[in-house]
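Student: Chains as they are written, first to last, in my numbering: chain Z, -18 to 244; chain C, 27 to 331.
Incorrect hints may appear among the rest.
Said to hold, decoys possible - A few chain C residues that face chain Z, going by a derived Cβ cut-off under 7 Å, partial list only: (1) Leu106; (2) Phe125; (3) Asn131; (4) Thr290; (5) Asp291.
Derived from the structure by calculation, the hints contain no laboratory data. Since the model is a prediction, treat every value here as computed from it, not as a measurement. Even glycine gets a Cβ: it sits at the ideal position worked out from N, Cα and C.
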Amino acid sequence: MIPLRPIQSIVVREFKRFFRQRGRLLSALARPLLWLFILGTGITRIVETPAGVSYLQFLFPGVLGMVVLFSSIHSALSTVYDREFGVMRLILVAPISRLTIVSAKVASGSLLSLFQAAILLCLAPLIGLPLGLGQILLLTVYVLLTAVAITGVGMLLASRIDSLENFAGVMNFVVFPMFFLSGGLYPVKLLPATLQWVIYVNPLAYGIDLFKHALLPVEAMTLGPDFPLASNLGVLVAFSAVTIAAATSLFDKEARLVRLAAR
Amino acid sequence: MPAIVTENLVKRFGDLTAVDGLTIEVRPGELFAFLGPNGAGKTTTIHMLCTLLRPTAGSARVAGHDCVKEAWAVRRAIGLVFQESTLDKDLTAYENLWFACCLQNLTSRVATERIAEILRLFELTDRKDHMTKHLSGGLRRRLDIARGVLHRPRILFLDEPTVGLDPQARRQIWQFLDTLRRQEETTLFVTTHYLEEAETCDRVGIIDHGRLIALDTPEELKQVFKGDVVQIRSDRLNELARAIREEFQLSPQVTDRGLLLEVTDGEAFLPMLIRSFGDQIAGINIQRPSLNEVFLHLTGREFKP
Ligand SMILES: Nc1ncnc2c1ncn2[C@@H]1O[C@H](COP(=O)(O)OP(=O)(O)OP(=O)(O)O)[C@@H](O)[C@H]1O
Ligand SMILES: [Mg+2]
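When you get a sec, could you build the whole thing from the sequences and use the hints?
Tutor: Written as structure tokens, this is what we have:
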């Protein structure tokens, strides 16, 4: 039996926290706009793209990926915050399994990502990317799938971090490289072969590629998707399963950290 | 069936032995106080009993279940109020309680009823919609405890529930605990720094450097003292101690609170004392022995929280 109430309550709590932390809310909403309209518009002026797709349109799936990335990692790393401020100990002593806790965190990260992605998607028609009902449904699935995989990665990171001080390190050494080496800013096929290797192990690259499948017109050519649809889906499902399983088994060791958190 | 049994429970952190061969038994419905100075191993013991830490050696059973192999069953039977607050400061008081009910998988109807009842018992009803971060320390502590008992655990662990509170708030919390015990027959395992709080418990376990050094009712513990404790203030404690030792064949102890003497009949002893050393004494006080004297007797040190 799936313990729905505990999972639901953990998700609801994350949403409440998200809306009550003004700074986080505002930066989450402003960040994609900055990338899209300032960076995107600027670069559109200086690069020439093949007919049919502007750089701004090409950038849109990438920025959508960025929204999912930040939101998923942030949710996962809130586990570190919870550990430091005690709420995690309350959760750990409740009669729920480690898998339930990890699942609830993954669900929170995914739903928060979906919420922010939905806001961004409202802007798609403004830059000449019309959205049909079919695309919206597809994108919902793709965003959730990407978010689950990335929250899984984040939970794995969170199980290794024991204080919020390492947060900046994660941002610089995990989040930004993940975004820059994702195919969101430039097509993967145009990168040197050595960098392409890094992209192959980056779950965000497959997520953004899925978004390209759903958003960019078929005539996009080099600016279009880099991988086949099925391999994107397969890799993301595999990533999710592995990271969630690993995070769950490492989560058990969290009990050790109970005291560290108390200091 | 005992509520809590431990056998030779040991927890080591590297070379440090935080809990060293603890064997105790707590009866159902009992109010058990776990007393010890800072770093004695109280919190570590509670965390092992509540399945948050894995014992290095020995075994523990809570509510009849093994704390390692049946951690799940143990968690269903217990409530735990941590030493440091574990409230979510970004939620309201009500939301914190609601969250705890959901973690225990209570239905909405039961949760609503319990929360209303608990808010009333802990006199928090008019604060329920306040943000937790805006509550005073005392109110927050009350909310912490309220949350620990929401799901009516059979065994409730409280790690220093009253630390840092003023005497009135402390009294109030003990009243709540007492009501709880009478209404729900909950077993209470309480750690405390306050000796006078331990005095009111059914039994007291005294722990020092991870070892249990005494375990009995407060009255029995104090039986080692046949008489009264005389406390003497003076400018020249050491000289006076030597003189008293010679004159009366007693063994006074020099402490921060002055000279402590154990005598059979304090009232009869005082005139003799004053006759011999009246000019060296700045003040005298006679008390029935407290747990502090028990601790001093067992360890040779004053009890310092
Ligand atoms: N996770 C840990 N790693 C290393 N040492 C620890 C850890 N947890 C506790 N200790 C040590 O174990 C000893 C017992 O600590 P514990 O917290 O159980 O004491 P306590 O009786 O609860 O003290 P206090 O009254 O200060 O709360 C202390 O010396 C403490 O520093
Ligand atoms: Mg402690």
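Student: Hint C/Asp291 vs chain Z: min CB-CB distance below 7 Å?
Tutor: violated, 48 Å
Student: Go through the hint on C/Asn131 and say holds or violated, using the shortest Cβ distance to chain Z against 7 Å.
Tutor: holds, 5 Å
Student: Report holds or violated for the interface hint on C/Thr290, using the least CB-CB distance to chain Z and a cut-off of 7 Å.
Tutor: violated, 46 Å
Student: Return the status of the interface hint for C/Leu106: holds when the least beta-carbon distance to chain Z is below 7 Å, violated otherwise.
Tutor: holds, 5 Å
Student: Does the nearest C-beta of chain Z fall within a distance shorter than 7 Å of the C-beta of C/Phe125?
Tutor: Holds, because the Cβ-Cβ distance from C/Phe125 to chain Z comes to roughly 5 Å (cut-off 7 Å).
Checked against the numbered hints given earlier, this structure breaks hints 4, 5; the rest are met.
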